[in-house]
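Undergrad: Generate coordinates for the entire structure from the input sequences, incorporating the hints supplied.
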Amino acid sequence: MISKRYAGVAGLALVGALALTSCAANETAAEPAASGRTGGESLSGDLVGAGASSQGSAQEAWIAAFQGANPDVTVTYDPSGSGAGREAFLEGGVNFAGSDRAFNDEELAEGGWASCAPDTDIVELPLYISPIAVIFNVEGVDSLNMDAATIAGIFAGTITNWNDPAIAALNEGTTLPDLAITPVHRSDDSGTTENFTEYLGAVAPDVWTYEADGVWPIEGGEAAQGTTGLVDAVSGGNGTIGYADASRAGDLGTVAVKVGEEFVSYSPEAASAIVDASPRAEGRAEGDIAIEIDRTSEEAGVYPIVLVSYLIGCQEYQDAEVGSLVKAYFSYLASEEGQDESASSAGSAPISSDLRTDVEAAIELIK
Amino acid sequence: MAVSTTAGNALTTGRLPRMAPWAILLACWLVVAGVYALFAMSGTLQDFSLVGTLFFGTVLYIAIIYVISLSVEGRRQAVDRLITALVFGAFLVALLPLVSLVSTVLANGLARFDLDFFTMSQRNIVGAGGGALHAIVGTLEITAVATLISVPIGLLTAVYLVEYGRGQIARWITFLVDVMTGIPSIVAGLFAYAVFAIVFGPGVRMGFAGSVALSVLMIPVVVRACEEMLKLVPNELREAAFALGVPKWLTILKVVLPTSAAGITTGVMLSIARVIGETAPLLLVAGFTQSMNYDLFDGRMQSLPVFVFTSYANQGTDGDAYLARAWTGALTLILIVMALNLIARLIARFFSPKTGR
Amino acid sequence: MATAAAPIRAKQRPGDRIFSGSALAAGSIILILLAAVAIFLIAQGIPGVLAQAGDTVILGEKNFWQYVAPLAFGTLWAAALALLMATPLSIGIALFISHYAPRRLAQTLGYIIDLLAAVPSVVFGLWGGLVLAPLVRPAYAWLAENASWFPLFSGQASATGRTILTAAIVLAVMILPIMTAICREVFLQTPRLHEEAALALGSTRWEMIRMAVLPFGRAGIISAAMLGLGRALGETMAVAMVLSPAAVISFIVIGSTNPNTIAANIALSFPEAFGTGVNVLIATGLVLFVVTFAVNAVARWVINRRKEFSGAN
Chain B
1 MISKRYAGVA GLALVGALAL TSCAANETAA EPAASGRTGG ESLSGDLVGA GASSQGSAQE
61 AWIAAFQGAN PDVTVTYDPS GSGAGREAFL EGGVNFAGSD RAFNDEELAE GGWASCAPDT
121 DIVELPLYIS PIAVIFNVEG VDSLNMDAAT IAGIFAGTIT NWNDPAIAAL NEGTTLPDLA
181 ITPVHRSDDS GTTENFTEYL GAVAPDVWTY EADGVWPIEG GEAAQGTTGL VDAVSGGNGT
241 IGYADASRAG DLGTVAVKVG EEFVSYSPEA ASAIVDASPR AEGRAEGDIA IEIDRTSEEA
301 GVYPIVLVSY LIGCQEYQDA EVGSLVKAYF SYLASEEGQD ESASSAGSAP ISSDLRTDVE
361 AAIELIK
Chain Y
368 MAVSTTAGNA LTTGRLPRMA PWAILLACWL VVAGVYALFA MSGTLQDFSL VGTLFFGTVL
428 YIAIIYVISL SVEGRRQAVD RLITALVFGA FLVALLPLVS LVSTVLANGL ARFDLDFFTM
488 SQRNIVGAGG GALHAIVGTL EITAVATLIS VPIGLLTAVY LVEYGRGQIA RWITFLVDVM
548 TGIPSIVAGL FAYAVFAIVF GPGVRMGFAG SVALSVLMIP VVVRACEEML KLVPNELREA
608 AFALGVPKWL TILKVVLPTS AAGITTGVML SIARVIGETA PLLLVAGFTQ SMNYDLFDGR
668 MQSLPVFVFT SYANQGTDGD AYLARAWTGA LTLILIVMAL NLIARLIARF FSPKTGR
Chain G
725 MATAAAPIRA KQRPGDRIFS GSALAAGSII LILLAAVAIF LIAQGIPGVL AQAGDTVILG
785 EKNFWQYVAP LAFGTLWAAA LALLMATPLS IGIALFISHY APRRLAQTLG YIIDLLAAVP
845 SVVFGLWGGL VLAPLVRPAY AWLAENASWF PLFSGQASAT GRTILTAAIV LAVMILPIMT
905 AICREVFLQT PRLHEEAALA LGSTRWEMIR MAVLPFGRAG IISAAMLGLG RALGETMAVA
965 MVLSPAAVIS FIVIGSTNPN TIAANIALSF PEAFGTGVNV LIATGLVLFV VTFAVNAVAR
1025 WVINRRKEFS GAN
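Order-wise, the sequence lines are chains B, Y and G. Okay, so the first sequence: first residue is 1 according to my numbering, each after it adds one. Okay, so the second sequence: first residue is 368 according to my numbering, each after it adds one. Okay, so the third sequence: first residue is 725 according to my numbering, each after it adds one.
Some hints could be false.
Unchecked claim - Here are the simulated SDA-like pairs of lysine to any residue, each with C-alpha atoms no more than 20 Å apart in a straight line:
1. G:786 / B:213
2. B:258 / B:268
3. G:786 / B:219
4. Y:598 / Y:536
5. Y:621 / G:738
6. Y:615 / G:740
7. Y:598 / G:945
8. G:786 / B:214
9. Y:598 / G:940
10. G:786 / B:211
11. Y:615 / G:742
12. Y:598 / Y:518
13. B:258 / B:318
14. Y:598 / G:748
15. Y:615 / G:746
16. G:786 / B:218
17. Y:615 / Y:601
18. Y:615 / G:945
19. B:258 / B:147
20. Y:621 / G:786
21. Y:615 / G:741
22. G:786 / B:212
23. Y:621 / Y:530
24. Y:615 / G:749
25. Y:598 / Y:608
26. Y:598 / G:942
27. Y:615 / G:738
28. B:258 / B:198
29. Y:621 / G:736
30. B:327 / B:258
31. Y:598 / G:915
32. Y:598 / G:1025
33. Y:621 / G:742
34. Y:598 / G:946
35. Y:621 / G:946
36. Y:621 / G:945
37. Y:615 / G:736
38. G:786 / G:974
These are computed hints drawn from the structure, not numbers from a lab.
TA: Next up, the structure:
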């Protein structure tokens, strides 16, 4: 009996071993004629990044294209969250980080980047620009006009019904139902919330008296985890409103935001326009491009609710090979092809050519 | 003639006919269906609800059978009928979420349950397509190693507690196993991360760390299950073995363990089921990758739960493709555990001594 | 007996020594492992417990205890609701399988319930958020309209159905198979003679169960409830994916403002936490630890008190 039992186990192990030694069909040996985008020498090695989940789907597309061109390179991006990404980069756990905000001045002064050569600076590149859409689910309504004060009123809980005069006044000709508004916010700490609350606080300071924060400042109310959870909650509810990465708005109704005297719907062009119209943070090292978005800008055609997500790397890596990999990868991300790739697969806004010139100069610093 | 009629009455009077409960149940369903239909026709309700009919019909049945039985059969029989109806009802209620869940997973998961899903990884895949071979391999390796660590430790500890454990040490171990059951999965992940970070430096991610984290969660469950089963082995069996002069260790090996083998296997399988779907610790220590990785000791390793979670949480613009992969991943995970369960049942059936039932 | 001649000591065989030695070693590994976890948790948690208002983004304007109180409440509340639903159900199902269902069917039915245990928590999360929440929304709206006199149902109903009651239902479904499996095993172990004796005395089936099966299985039921509670308290992903959380203490089960649980909060906040924030989260994990342990200790005490009545001596 015992020998039979062992035979069974051995058989199982054999089958398991056979299954394990098989290889993924899409990972067979690389085609020899990889297009030489990176010039003469071919790159190889592992590159590991972690950080903002907002960049997740863009990174997926970038990595696929980059690995396609450089078959011996494996890039991994762990969308674990901005905070985790910055922490991991600081400790040297990853080669580069994605983050929804740049390191602040205190963190920069403290320094101590574990994977960088001692006493060197870092590069921070705003390579992922994404409009944040205000989405809602009201039957029969596809689009609404709102100004910042109305949006702030809804999310602060002072406007509680869809047929409120404040909304009706901005949307003549649209029939609004007598339905309670349920604002949905993110329950986790997120860059989307931070940018959204920053916008509300900057443009409607009388209504929105809270500080910009990655954690939703008001206690109570409907909350959901992550962009997906929020979109699910908004589309699953009735009379719900929320804010999410524009690429995920799908069939939900979206809000056109009042800028100056016009109402602007989100679009990639309008989102990259606001980045160009905004000043850079001052007192930063060369190659550290942090942008302070001017939410109150009244220029024509800008969409002020955007999320700018950074790629963060060292100026000088302890391991020169990693440096050249990061440099090649970042160069690809900053290129027109790279930006188009993320625009088509993640709905982000391509950076303008002015910004690209600066970013390319910063990438030149990496070694 | 008269005598025999009385004798027959003594057995049948005061009892409901055999098929009466079924007839009453059917009648209740029909009545509720009729009420629903009336409501639907009068426009109070939008549509006819089958779940509602079955539910309220059953509730009505529970009430009616009690009243009827009370008047015909007396209180004791009525309570018995009531409990019988409730017990059947409990089982049906438990089936509802199962049916809903399985049908949802099947309906959404079958779309991508194709050859690609089992032969491809996600490397260089954007949007639709791709597969989860890397995640399946990762899950199997990580869980297998976790089981290899946990079962011997857990089983031996249970043996110690039940057969040898006397005094302080046993009391402490019991106490600490209790404490361990309370470790939140994410804390187990944090712990494994901290330990491996000390050895391998910060930012370490490897499959083996995931196995260790899962073991921390699995060991107390295994100990508990095995302990419970070993305790159920009648002392008479042990005493009989001792009386025949069998040494204690052989008694345990040849009498106690085989007797409880079925229960222990069930316990082990349940504990595997408990950890194989664990997401949080693996997210933390085994990481996330799109490519194949067979090496437990080097680099990030994808696992199925993490695959399901990330496919759901980090959907790209083409959200449906990601969701479809998430559901298929879920389906695969369920199938793997079911297969394990089945194997366990077969082992239990063939290798355990026959009991009364 | 005890006062008889000196007990005869059994001969110590090498096999015995090796076997008991390895069993003890396994037990000791648990001691060491747990000590390591505890040391790690306490060392990492202390800075979190000591953190004051404003020290870290996570705490905001509160100190640690104000931060953790609603979370601890939410954890206990959700688990209690889940247990309230799952305990009678699991006893019913276990009885159904062990004593009511046709014997030929029983094993298959038991296997069907075990299937629920095969479903990973991520899938329960998916199902709870995408299927169950929209399904129960009308029921909550109805309750809010017609049963608002009952304190738990007062206030406005959630527009998404992602309330603590929904989370508790998901938790109840999740702990059902484990509780059922243990209850069933114990019920099946009821001495056949006890059952037959009860039946022979003319009891109905329920009276037999009440007099023979339930007293025998009481310790098993409590231990099942304990395991279920342990899982419900520590469940992370399913709650995180279903619940619409807030930092409040509220008994209302159908509104949109629900207390979060400790485990779900750790999972939600961990990715963005850094510095002292991580310590705060680990300290909340420590609180969960203590809560779970207290629950377990009480349950264990109850079982030990009842030990003399159970059949397995």
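Undergrad: Taking the earlier hints as the rules, which of them does this structure contradict?
TA: Of the numbered hints, 13, 18, 20, 30, 35, 36 do not hold.
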